[in-house]
Amino acid sequence: MGTGKTLTLAIMDAPYESAASTTALRLVDAALRAGHHVSVFAYEGAVALTMRGQKPHANPVKGTSLEDEHHPTTKDWVSALFGLAGERGVKLDWVNCGLCVDERGAGEWVDGPRRGGPKDFFEMAERSTATFVIPTR
Amino acid sequence: MTHFVFVESRDPHESTDCQTLQELATGLAGRGHHVTLFLVQNAVLPARAGSRFSGQLTGLASRGVRVVADAFALRERAVAECARGVSAANIDELLRLIMEPDTRALWH
Chain A
1 MGTGKTLTLA IMDAPYESAA STTALRLVDA ALRAGHHVSV FAYEGAVALT
51 MRGQKPHANP VKGTSLEDEH HPTTKDWVSA LFGLAGERGV KLDWVNCGLC
101 VDERGAGEWV DGPRRGGPKD FFEMAERSTA TFVIPTR
Chain B
1 MTHFVFVESR DPHESTDCQT LQELATGLAG RGHHVTLFLV QNAVLPARAG
51 SRFSGQLTGL ASRGVRVVAD AFALRERAVA ECARGVSAAN IDELLRLIME
101 PDTRALWH
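Chains as they are written, first to last, in my numbering: chain A, 1 to 137; chain B, 1 to 108.
Every clue listed holds true.
Mimicking EDC-like on lysine to aspartate or glutamate, the simulated pairs with C-alpha atoms at most 20 Å apart in a straight line are: (1) A/K91 to B/D92; (2) A/K5 to B/E100; (3) A/K55 to A/D111; (4) A/K5 to B/D102; (5) A/K55 to A/E69; (6) A/K5 to A/D29; (7) A/K91 to A/D29; (8) A/K119 to A/E44; (9) A/K55 to A/D76; (10) A/K5 to B/E93; (11) A/K91 to A/E123; (12) A/K119 to A/E103; (13) A/K5 to B/D92; (14) A/K5 to A/E123; (15) A/K119 to A/D102.
These aren't lab readings, by the way, just hints derived from the structure by calculation.
Please model the complete structure; the sequences and the hints are all you need to start from.
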């Protein structure tokens, strides 16, 4: 049963660069599990979090295999969050900034996110119980 | 009174801005606001009992600032014992604080 409350989160860090990406996704996970709707506005490098083409890899320097590395990808994490939202009967609205996507050629996403812009972030914040921004340094 | 939640992600060994944020937290607490400093990522390193900066966090707590360290970040960094005045909590607690009415949450 959902709470009817909505958390809006704005994120900016590109994947695999900052621990902030993990913290942000943990916060989304916690909010969905608590029964809240979640809106995410991915800006700048964060639009790459959902790129479909991400692949785990082996590490030839260490001589480890794909299985040894068990490399997580942010696109799989985001897909899992959409799955969790469905299981919990709450909504995850993930907007990738369109201009940021175009600049980076980062348009091939996993299922779930939609294209938008800063106006969407404003509207998300207007509708939300709380808004939290995790900027880049 | 407003509840200010400062989410600190930086280690004071790498950023002197941490000191500025702590001064802001202390000032707001001194004016009667509820203030929480929630440490995440490398910001939990000074929460280790005996670390060089742990005294600052203990001092903040003594001046009315609630200091909380992300339990996940503590485990990642093998911090088993927190300094006096610092408690450990899960990310659910941060979520609860952010979703409370009359709360201003700021990431640093």
